[in-house]
Amino acid sequence: MEYFIHLIIIIGIYLILAQSFNLTLGLGLLFNLAHVSVYAVGAYVTALLATELGMGFFGCLVCSVLICGLFAIILGAISIKLKEDYFAIGTLAFSSVISALLINWKSLTHGVLGIPGIPRPEFSFLKVDFYDNINFLVLTYVLVAITFFMLYLFFNNFFARTLRAQSEFRQATKALGKNTRLTRNMSFFIASCFAGLAGSLYAYYINYIDPSSFSLTEMIFVLTVVVVGKPGSFWGCVFGTVFLVLLPEPLRFTRDVPLALEWLFGMPYPQISAIPVLGWLITPVVSFLLYASRPSVLGPMRQMLYAVILFIVVYFRREALFPVQRRV
Amino acid sequence: MEILPQLLVNSLISGSIYALASAGLALVYGLLRVLNFAHGHFMMVGAYAFYFLAVEQAYGLPASAAFALLVIVLLAALSFKIFVEPFASLSFFLPFVTTLSLATIFESSVSIIFDVNVKSLTSGFEINSLSFAGIFITPVQIVIILSALVLLGLIAFIIHSTSLGRRIRALSQDDYAGQALGVSKKKINYLVFISGAVLAAYAGILIGYETNLQPTMGNAYTIKAFAAMILGGLGNLWGTIAGAYVLGLVENLSIGIDFWGYSLPAGYKDAFAFVMILLVLLFKPRGLFNKEAREA
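Taken in sequence, the protein lines are chains A and B.
Going by this note's numbering, 286 is the number at position 266 of the first sequence; the sequence numbering is gapless.
Going by this note's numbering, 6 is the number at position 5 of the second sequence; the sequence numbering is gapless.
So that you can see chain A by itself, here it is in the shape it has in the complex (with noise of 0.2 Å):
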């Protein structure tokens, strides 16, 4: 039970995480591989301002969103000019920059050791606190619903249809007189506020941030959810984001499937794969998980799978994905 409030929780977190993506890359095709970076910058200052400043929950929280916004300014200013290849290596190096600044700057991030010993948040006036992940599990929730009702909101409005205006075809946009600058940039800072909020979340819940954290393979992670999900859909994000979180679990139990068969068949191991045709169809199998269900395999095995589902996604719809007909 604890487990599943456990991957509940993380499938809330993702579900920030993925839906502010979506709105870049989903309606505005900006490959921003920074993403993640934002992310890791709002853990870093939450973890930082909770554990140095001994700083309240909202503050943390605002800070962290606002650091972010900030972030996705620079990045803005910084990629402008940059279409498509150009923006994709952009926006790749920035995030590398930060990496290279948390495994580095060690007298504030403490380099790949992390950051340890994060408290959960607590309301004094309210006289709750959220060391139970039950009430951590309803504060994620509560922030969460509030993130899709503003997403929501500007994924349906005239915002949202000057974005994808300006993915297809940017000198037509401004022939209309819309602000196409103005509107990327606010796309990034929307979607870097959340990134934020999302970070703080992860670094409250999980209470020990390091580097590792948010590497490359976290940002493949994300952007398979959105292309799971067609980049640019509302529900299809959430989908992705539940069926991708969920789907790695069951390699987690993978070293039990003998006990599984010893119970299904009522015999020892041994027996079952002594039996013709059946067992030498089980025994490789079996051999197969138990080598995948040890922990040095497992984590690389995870990133394979997401690797794959993404490969298999873009593979099967690649006429539809990004069109370059109209879609607005």
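Keep in mind that the hints were calculated from the coordinates and are not lab data.
One or more of the hints may lead you astray.
Distance condition first, Cα-Cα at most 25 Å in a straight line; then the derived DMTMM-like pairs of lysine to aspartate or glutamate [claimed, not checked]:
(1) LYS126(A) with ASP175(B)
(2) LYS270(B) with GLU211(B)
(3) LYS270(B) with ASP230(A)
Starting from the known structure of chain A, fit chain B onto it as the hints suggest.
Just chain B now, kept in the frame of chain A:
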């Protein structure tokens, strides 16, 4: 400034590695307009294939090199067939996303097969540095510099004075016109993609001798190769190679020289490549060596 000659030699060494690593990327981009994110991972896979035969199985150098070459040629052909070709003509995003997933697949398979710990190709024997007039250099580093010169010279010869090179140049300038004149785009694409991967793998093996191997090294070298390419202008082969040497120079000077009694910690060496990408994109988005204007 007695350290300056040593720094210059060091930057020549890292510049040579970056040049070997980024030449293939620039050729592929020039031909297909595809940013191959898995390029650095071909270095990693090639180096690990070499490591597998040379250290774990203790075969000789020629056998290991042949094996690594075979593995890379097969993998590159297969990757091109599956991960690049179906998407190259559709949208810029698609090949970038698929090569990102290819890169992750490479990285995680190597971490599963060989473990995530650092491996070294030179664990069996000791390398003595030679010293010339106060400059220390190992035989491996001499090989790196010389082979970069030889291989880049070979590329220059092929591109500029053979019929194959003429066909490659024709397709990178205008692929419709080239195809209309009877140049097989498919063959040239495979050839360029595979030879780029082989060059990268060769650079990866040299890195294995020079420092060490790790499954995560792919990303770092991909981004370095992107940096060299941005410096030289996307798709401009000679600009990219010049950019690689500039990158090596800036990286080594940035951490080696005292700025008024304060010097940067060595950990920031890598960050310099990324800061340079950002600066070039900000002030000279066409690259340092590109004259023609970009459209739109």
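TODO: Starting from LYS126(A), check that the Cα of ASP175(B) is at most 25 Å away, please.
DONE: violated (50 Å)
Task: Hint consistency between LYS270(B) and ASP230(A) [alpha-carbon to alpha-carbon, up to 25 Å] - done: Holds. LYS270(B) to ASP230(A) sits at ~21 Å (cutoff 25 Å).
Open item on the list: Hint check: LYS270(B) vs GLU211(B), CA-CA at most 25 Å. Holds or violated?
Closed with: holds (17 Å)
Figure legend: structure checked against the earlier numbered hints; the only hint not met is number 1.
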